[in-house]
Amino acid sequence: LAKTTQPISMDSYEGQEVNITCSHNNIATNDYITWYQQFPSQGPRFIIQGYKTKVTNEVASLFIPADRKSSTLSLPRVSLSDTAVYYCLVGDVFNRDDKIIFGKGTRLHILP
Amino acid sequence: DTAVSQTPKYLVTQMGNDKSIKCEQNLGHDTMYWYKQDSKKFLKIMFSYNNKELIINETVPNRFSPKSPDKAHLNLHINSLELGDSAVYFCASSQEVPGLASYEQYFGPGTRLTVT
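Sequences listed follow chains A and B, in order.
Heads up, the first sequence is in my numbering, so the first residue is 44 and it goes up one at a time.
Heads up, the second sequence is in my numbering, so the first residue is 2 and it goes up one at a time.
In isolation and in its complexed conformation, chain A is listed as follows (with noise of 0.2 angstroms):
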């Protein structure tokens, strides 16, 4: 499993562009690096995965960069209900030798 790294947690204000970093120094060549949201008292909730350069779609744009070791998810002008734990990971859920461990995420505080 590639060790993921992102900030503990992070404040912004509504209507702001919000940006979450992740570092994924030993991310393999096959892996895909895969974002989600969670809630309070709710399951984590898939919101986008890419593998290189940009990938968008309703929610978020994910931009990973050429070497692809770190990847940085943005969320555009954040609400009051953006306010959640999220969570980068890379890797194959196939790899029988990986332990899917979800480490303790960033979590987003948006303030009004």
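One or more hints might be untrue.
No more than 27 angstroms apart at the CA atoms, straight line, and that leaves these computed lysine-lysine pairs for DSSO-like [unchecked claim]:
| no. | chain 1 | residue 1 | chain 2 | residue 2 |
| --- | --- | --- | --- | --- |
| 1 | A | Lys147 | B | Lys42 |
| 2 | A | Lys46 | B | Lys42 |
| 3 | B | Lys42 | A | Lys112 |
| 4 | B | Lys41 | A | Lys46 |
| 5 | A | Lys46 | A | Lys147 |
| 6 | B | Lys45 | B | Lys20 |
| 7 | A | Lys147 | B | Lys45 |
| 8 | B | Lys41 | B | Lys10 |
| 9 | B | Lys20 | B | Lys72 |
| 10 | B | Lys10 | B | Lys72 |
| 11 | B | Lys41 | A | Lys147 |
| 12 | B | Lys45 | A | Lys112 |
| 13 | B | Lys37 | A | Lys46 |
| 14 | A | Lys147 | A | Lys97 |
| 15 | B | Lys72 | B | Lys23 |
| 16 | A | Lys112 | A | Lys95 |
| 17 | B | Lys45 | A | Lys46 |
| 18 | A | Lys97 | A | Lys112 |
| 19 | B | Lys10 | B | Lys45 |
| 20 | A | Lys147 | B | Lys10 |
| 21 | B | Lys20 | B | Lys37 |
| 22 | B | Lys68 | B | Lys20 |
| 23 | A | Lys147 | B | Lys37 |
| 24 | B | Lys10 | B | Lys42 |
| 25 | B | Lys37 | B | Lys68 |
| 26 | B | Lys10 | B | Lys37 |
| 27 | B | Lys20 | B | Lys42 |
| 28 | B | Lys20 | B | Lys10 |
| 29 | B | Lys23 | B | Lys10 |
Counterexamples of contact, computed for chain A against chain B with all Cβ distances above 10 angstroms [unchecked claim]:
| no. | residue |
| --- | --- |
| 30 | Asn62 |
| 31 | Lys95 |
| 32 | Ala103 |
| 33 | Lys112 |
| 34 | Pro155 |
With the Cβ distance kept under 7 angstroms, some of the chain B side facing chain A (calculated, not the full set) [stated by the list, open to error]:
| no. | residue |
| --- | --- |
| 35 | Leu44 |
| 36 | Glu105 |
| 37 | Gly109 |
Calculated from the structure, these hints are not laboratory results.
Heads up, the beta-carbon is just placed ideally off N, CA and C, and yes, glycines get one too.
With chain A held as given, fit chain B onto it using these hints.
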């Protein structure tokens, strides 16, 4: 339609009892998982089943046993419950795509287990 559902949502029981948590997914996925989220909020995988085959089995006590009657269901049975089993248990599912190495999983709402 709920993609991944779990029952019950809350479960309060005494030490030593045996309990089960049920999970169903209607996404047509071929793999299902059980996770435990402890008080420190770490999510750790406990089991996964792919086409009725156990493919990941973390070092959990053998008091925990997954049962998959079919591809859409993965139930979690817990025997002789202990205080330390108190946690939130999440079920999840995913679909293998050849050549795609990713963690795209869909989670249920969780079952909060409290052992007294």
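A quick look at each hint next to the structure:
no., hint, in the structure
1, A/Lys147 / B/Lys42, "holds, 7 angstroms"
2, A/Lys46 / B/Lys42, "holds, 18 angstroms"
3, B/Lys42 / A/Lys112, "holds, 26 angstroms"
4, B/Lys41 / A/Lys46, "holds, 19 angstroms"
5, A/Lys46 / A/Lys147, "holds, 12 angstroms"
6, B/Lys45 / B/Lys20, "holds, 20 angstroms"
7, A/Lys147 / B/Lys45, "holds, 11 angstroms"
8, B/Lys41 / B/Lys10, "holds, 20 angstroms"
9, B/Lys20 / B/Lys72, "holds, 22 angstroms"
10, B/Lys10 / B/Lys72, "holds, 22 angstroms"
11, B/Lys41 / A/Lys147, "holds, 8 angstroms"
12, B/Lys45 / A/Lys112, "holds, 24 angstroms"
13, B/Lys37 / A/Lys46, "holds, 20 angstroms"
14, A/Lys147 / A/Lys97, "holds, 25 angstroms"
15, B/Lys72 / B/Lys23, "holds, 13 angstroms"
16, A/Lys112 / A/Lys95, "holds, 10 angstroms"
17, B/Lys45 / A/Lys46, "holds, 15 angstroms"
18, A/Lys97 / A/Lys112, "holds, 14 angstroms"
19, B/Lys10 / B/Lys45, "holds, 19 angstroms"
20, A/Lys147 / B/Lys10, "holds, 23 angstroms"
21, B/Lys20 / B/Lys37, "holds, 15 angstroms"
22, B/Lys68 / B/Lys20, "holds, 13 angstroms"
23, A/Lys147 / B/Lys37, "holds, 14 angstroms"
24, B/Lys10 / B/Lys42, "holds, 18 angstroms"
25, B/Lys37 / B/Lys68, "holds, 16 angstroms"
26, B/Lys10 / B/Lys37, "holds, 14 angstroms"
27, B/Lys20 / B/Lys42, "holds, 23 angstroms"
28, B/Lys20 / B/Lys10, "holds, 13 angstroms"
29, B/Lys23 / B/Lys10, "holds, 10 angstroms"
30, Asn62, "holds, 21 angstroms"
31, Lys95, "holds, 13 angstroms"
32, Ala103, "holds, 14 angstroms"
33, Lys112, "holds, 17 angstroms"
34, Pro155, "holds, 25 angstroms"
35, Leu44, "holds, 4 angstroms"
36, Glu105, "holds, 6 angstroms"
37, Gly109, "holds, 6 angstroms"
In terms of the numbered hints stated before, the structure departs from none.
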